[in-house]
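**Student:** Residues per chain are reported as follows:
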Amino acid sequence: MSQRVGIEVSIALAEAVKMANADVIAAYPITPQTHIVEHLAELVADGELDAEYIPVESEHSAMSACMGSSAAGARTFTATAGQGLELMHEALFVASAMRLPVVMSVVNRALSAPISVWGDHSDVMACRDTGWIQIFTENGQEVVDNTLCAFRIAEDNSVLLPIMVHLDGFHLSHVIEPILMPEQRYVDAFLPLNKYPLPLDPAKPVAMGDFAPPSIYTEMKWAQEKNLQKSKDTILKVWEEFNGIFGRQYKPVESYRCDDAKILLLTMGSYSETAMTTIDKMRNKGYKENVGLLRLRLWRPFPHDELREAIKNADVLIVLDRALSFGGLNGPVCMEIKAALYNEAIRPKVVSFVGGLGGRDITVADFEEIITRGIDIARNGSEQEFEMFGVRE
Amino acid sequence: MENYSIYVPKLITKKENFAPGHRACIGCGEALAVRLAFKAIGQNVIVINATGCVEIFTSQLPYTSWRVPWIHTLFENTAAVASGIEAARKAMIRKGVIKDTNTKIVAIAGDGGTIDIGLQALSGAMERGHDFLYICFDNEAYMNTGIQRSSATPFGASTTTSPAGKSSFGQFAWKKDMPAIAVAHNIPYVATACPSYPFDLMEKVKKGLEVKGPAYIQVLSVCPTGWGCAADLSIKVGRLAVKTGIFPLYEVENGKYKMSIDFPGLRPITEYMSLQKRFRHLKPKMLEQIQQKVIEKYEELKEKAAACEYNCQTVLED
Amino acid sequence: MGKSENELTWKELEVGGIVTEPGNASQYKTGDWRSQRPTYDFNKCLKCGICQIYCPEGCVNQNNQGYFEADLYYCKGCGICSRECPTFVITMKEEE
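Protein chains in written order, with my numbering: chain A, 26 to 418; chain B, 15 to 332; chain C, 329 to 424.
Keep in mind that the hints were calculated from the coordinates and are not lab data. We treat Cβ as the ideally placed atom computed from N, Cα and C, and that holds for glycine. Check each hint, because a few of them may be wrong.
[As the list claims (entries may be wrong)] Only part of the chain A face toward chain C is listed, based on derived beta-carbon distances under 10 Å:
1. M123
2. L185
3. P222
4. G234
5. W247
6. S407
7. Q409
8. M413
[To be verified] With a straight-line cut-off of 30 Å between C-alpha atoms, the simulated DSS-like cross-links for lysine-lysine are:
9. A:K251 x C:K372
10. B:K250 x C:K372
11. B:K104 x A:K220
12. B:K297 x B:K226
13. A:K229 x B:K109
14. A:K220 x C:K372
[Claimed, not checked] Not close to chain A: a few residues of chain B, all C-beta gaps over 10 Å, as computed:
15. C39
16. V59
17. W80
18. N91
19. A135
20. S182
21. W188
22. N200
23. E217
24. E267
25. N268
26. I275
27. G279
28. L289
29. Q305
30. I309
Construct the complete structure from the given sequences, taking the supplied hints into account.
**Tutor:** Set out below in structure tokens:
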């Protein structure tokens, strides 16, 4: 049902969008997203994908065109990165509040200034509260699989929310990996046609995007929040169905060698692969503590229950953020995790690191240092609320 | 009023695609312009509305004044949203997902939403050649937020952000020539209109709908609240904007200029300006400067039309 | 008539706040805004409909005799119809 090919992750992603038979792609080029949209433009130009490719004049217009397309009932895709995501910022809130199931790949990139085309999670963290479902991926296979799942989840009539599928710039987007490319007929079975319930159509006029006086704004926002929370049920169901057909299971929080682990590291995105190697290495060489890894896949809606379950036996939880929350207590993910655990009767010590900014590597040896330093901080304290890993003093 | 057109209103559809009960100010020229435009457009349309007066006064949850499909998302992106809808329908028709119903795509916005903050999205959509009609309802300032100047505000007008004062004569720049910018995109149809000339407006809207590709129409919409004129003078003030040459009515079809109405002699601008509070502070010298500029611009326009070898027709007489 | 914005609960809202009843704003009464009302001397009326064309509310309709008359449920009393009527049928009178 699948064929394994060596392929650049960006190209594989574009092929997944083709398999999903998207109707409209509206995108503006930005490094490191370009290979995705170039390949999509090529697929459309070659007649391999029957879609309209709108080469818009900005990311703001990309998201705006996507909103229009989605409201008209079309399957809609875009991709962006870093500054592009921030230029869309205003429109992101509208897409989710108006319940328009746009699928967007975000090739995570650091934010200016200074300008940097390389990867970190500054862009996504700035868009945390936009009301989008957000899924992190770690390798090319996960990118392809979750792009397909994203259409299915977004367009499910119980969800109708836009989704960001995150992949790290360059470290993931530009590498060539062996990927099992699903066969079209299985994709067709998994992904039904988009059926937006109330599209813009003269046969049945609707008004979308009315303004709300104070007497109804709260109800609108609560309905949106309840819906996003509830979307987790569908996300889990879709991942399960995907597993049934393709044999690969995804979870909101993935555990790696955690069963007996008292020391947990938590990462998001492609650096998790390196972190896994570190866990293996430390365990193989008989490190004095049992270490394990948690990978947070579902960023929004935040999987509180799964996280609490995953850490219940741990003494120490070390969180690596790839973004700063300027003037904040910790990295943004760490703050969220602390908040999720604060009311738990038994909870681990939580240690915050920020690192891997602007594309800087974190190696296996680096992760080992993070873990040992994290244990030290958990037991003996630190003068700082969080530490900036690898910074030259 | 023009005698010959006295019985013409009967020929116009009674169907209102724009329901009464909207919350526009008393005597709103923009509400009238929208109402007339959508009489011409009919029901087979999808409307994309920028944030602004029209959006606010026709939509308040859980109500709508629209009897046609309508969407509002943001302020500056109206043309981009229209691009997406147009492309979506094109793709879905081609793929057999929906039927080809020849549904028109009409984007509407104010002057701020078009000529200031929405210019980039509009330029992009016109350049890409989407098949849509864009109507700018130009009331010459940010009326919805409280009469702040835009780049469409005329020279000398006092607004809340270009107030006349001891060391200010009001708006310090000449009105941006948006129709010329639209023409520079080489689109098939550009026109100006005013609801004081309802049949001309409706004709142009129909033309704009029928052309393949982008069409741009700028409609002068008198705003009694923002301009400081009596509500019942809305139509008269619009008529004077045209007759003074301040807002000439013309069309540009495939780059060819054509005057819609020409007058043997233009009325002095003071006839127009004296009815409005926003110009009341202007001294004779300043009025003279404006008068010169208006004549100059009007002559330029007429020359363009003449150069296009079109006869200037007197469509409507005094 | 559906529930107003003060009554609707979050569960009753349509997906994304979409309004599915076209033109339901016509339930909203704008006639309350009026400080003057149009009055008619139909003897002078040509039934030309210019008052209807120029009405920003779109609330002028033909009555049983074919005369054009504003619907006072919506008429905001702007006076445009009175100003533009070629035969001076319409006089604006202060509301009591």
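**Student:** Look at each hint and say if it fits the structure.
**Tutor:** Structure-based check of each hint:
1. A cut of 10 Å between beta carbons decides the hint on M123 (chain A): the least distance to chain C is about 4 Å, and the hint holds.
2. Against a cut-off of 10 Å between C-beta atoms, the interface hint on L185 (chain A) holds, since the closest Cβ of chain C lies about 6 Å away.
3. For the restraint placing P222 (chain A) at the interface with chain C, the shortest Cβ-Cβ distance is roughly 6 Å, inside the 10 Å limit, so the hint holds.
4. Against a cut-off of 10 Å between C-beta atoms, the interface hint on G234 (chain A) holds, since the closest Cβ of chain C lies about 8 Å away.
5. With its C-beta approaching chain C no nearer than about 4 Å, W247 (chain A) sits inside the 10 Å limit, and its interface hint holds.
6. The interface hint given for S407 (chain A) is violated, since its Cβ lies 44 Å from the closest Cβ of chain C, which is over the 10 Å cut-off.
7. Hint status for Q409 (chain A): violated, given a least beta-carbon distance of 43 Å to chain C, over 10 Å.
8. Taking 10 Å as the C-beta cut-off, the interface hint given for M413 (chain A) is violated, the closest approach to chain C being about 41 Å.
9. Of the pairs offered as hints, the one joining K251 (chain A) and K372 (chain C) is violated, with about 62 Å between alpha carbons and a cut-off of 30 Å exceeded.
10. Straight-line distance between C-alpha atoms of K250 (chain B) and K372 (chain C) comes to about 22 Å, which keeps the hinted pair within the 30 Å bound.
11. For the hint pairing K104 (chain B) with K220 (chain A), the CA-to-CA distance comes to about 17 Å; that is within 30 Å, so the pair holds.
12. For the hint linking K297 (chain B) to K226 (chain B), the alpha-carbon distance of about 47 Å lies beyond 30 Å, and the restraint is violated.
13. About 21 Å separates the Cα atoms of K229 (chain A) and K109 (chain B), which keeps this hinted pair within 30 Å; it holds.
14. At most 30 Å may separate the alpha-carbon atoms for a hinted pair to count; K220 (chain A) and K372 (chain C) exceed this at roughly 58 Å.
15. With a minimum CB-CB distance of about 16 Å to chain A, C39 (chain B) clears the 10 Å threshold, and the non-interface call stands.
16. Not every CB of chain A lies more than 10 Å from the CB of V59 (chain B), the least distance being 6 Å, so the non-interface label is violated.
17. Against the 10 Å criterion, W80 (chain B) falls within the reach of chain A, whose nearest CB is about 5 Å from its own CB.
18. Look at N91 (chain B): its CB is around 4 Å from the nearest CB on chain A, not clear of 10 Å, so calling it non-interface is violated.
19. Interface exclusion of A135 (chain B) from chain A breaks down, the closest Cβ pair being 5 Å apart, not more than 10 Å.
20. Distance check on S182 (chain B): its Cβ is at least 32 Å (rounded) from any Cβ of chain A, clearing the 10 Å threshold; non-interface status holds.
21. No Cβ of chain A approaches the Cβ of W188 (chain B) within 10 Å, the least distance being about 26 Å, so the stated non-interface status holds.
22. For N200 (chain B), the shortest C-beta to C-beta distance to chain A comes to about 16 Å, beyond the 10 Å cut-off, and the non-interface label holds.
23. Even its closest Cβ contact with chain A, about 22 Å, leaves E217 (chain B) beyond 10 Å, as expected for a residue assigned away from the interface.
24. Every CB of chain A is more than 10 Å from the CB of E267 (chain B) (nearest about 26 Å), matching its label as outside the interface.
25. Even its closest Cβ contact with chain A, about 24 Å, leaves N268 (chain B) beyond 10 Å, as expected for a residue assigned away from the interface.
26. Once the 10 Å rule is applied to beta carbons, I275 (chain B) is consistent with being away from chain A; the minimum gap is 33 Å.
27. Its beta-carbon lying about 44 Å from the closest one in chain A, G279 (chain B) satisfies the requirement of being farther than 10 Å from that chain.
28. For L289 (chain B), the shortest C-beta to C-beta distance to chain A comes to about 32 Å, beyond the 10 Å cut-off, and the non-interface label holds.
29. For Q305 (chain B), the non-interface assignment is confirmed: its Cβ lies about 39 Å from the closest Cβ of chain A, beyond the 10 Å cut-off.
30. At roughly 37 Å, the least C-beta separation between I309 (chain B) and chain A is larger than 10 Å, which holds for a residue marked as non-interface.
This entry does not satisfy hints 6, 7, 8, 9, 12, 14, 16, 17, 18, 19, going by the numbered hints stated previously.
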